[in-house]
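Enquirer: Sequence:
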Amino acid sequence: MILLSGSQQDYDALAGKPGDGPAWSAADVAAMHEFMAAWNNELVESGEFVDAQGLSAPVHARRIQLRDGVPVVTDGPYAETQEVLAGYTIVECKSFDRATEIAARLANTPHPDQGGSGQEWYVDVRPIVAGIEELDL
12 MILLSGSQQD YDALAGKPGD GPAWSAADVA AMHEFMAAWN NELVESGEFV
62 DAQGLSAPVH ARRIQLRDGV PVVTDGPYAE TQEVLAGYTI VECKSFDRAT
112 EIAARLANTP HPDQGGSGQE WYVDVRPIVA GIEELDL
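Numbered by the numbering used here, the letters in the sequence shown go through residues 12 to 148 in order.
Hints are not guaranteed to be accurate.
Now the in silico label distances, taken between C-beta atoms and shown as ranges [what the hints assert, rightly or not]: (1) 57 x 139: 12 to 22 Å; (2) 79 x 120: 35 to 45 Å; (3) 27 x 138: 15 to 25 Å; (4) 65 x 141: 15 to 25 Å; (5) 85 x 132: 41 to 51 Å; (6) 108 x 33: 12 to 22 Å; (7) 132 x 73: 25 to 35 Å; (8) 108 x 79: 45 to 55 Å; (9) 73 x 140: 20 to 30 Å; (10) 71 x 43: 16 to 26 Å.
In short, the hints are calculated from the structure, not lab data. All C-beta atoms, glycine included, are put in the ideal place defined by N, C-alpha and C.
Please model the complete structure; the sequences and the hints are all you need to start from.
Expert: See the structure below:
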């Protein structure tokens, strides 16, 4: 599973709202969508694509915790959490190295002020437990 992270500020910038970082223009958003569509389509064509979903902004999240045995619901975003899961892609491929290679291509995802903001652009790759015995780790 390839996990993409983001923050509420990232979602706001993507929506063109002013904030600490550069706002995304319509052209920036179009370039990102074009890149992601091509990336997904290549995985479909190679037979490695299983599923992908983007998640709504943290402001739409809810956290449920038990306090003294009672569920307590907190609406997001959460001040103590800078980043949250923004989306995922599940691939089925021959090795963990191949999954890493696929994920590494996301480092070239177009975004405003690429390289100038100091913000890291990264994804995580983690095997899904059900298939871990089949991977060459």
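Enquirer: Hint by hint, say whether it matches the structure.
Expert: Status of the hints after comparison with the structure:
no.	hint	verdict
1	57 x 139: 12 to 22 Å	holds, 19 Å
2	79 x 120: 35 to 45 Å	holds, 44 Å
3	27 x 138: 15 to 25 Å	violated, 37 Å
4	65 x 141: 15 to 25 Å	holds, 23 Å
5	85 x 132: 41 to 51 Å	violated, 29 Å
6	108 x 33: 12 to 22 Å	violated, 34 Å
7	132 x 73: 25 to 35 Å	holds, 27 Å
8	108 x 79: 45 to 55 Å	holds, 47 Å
9	73 x 140: 20 to 30 Å	holds, 25 Å
10	71 x 43: 16 to 26 Å	holds, 20 Å
Against the hints set out earlier in the document, violations occur for numbers 3, 5, 6.
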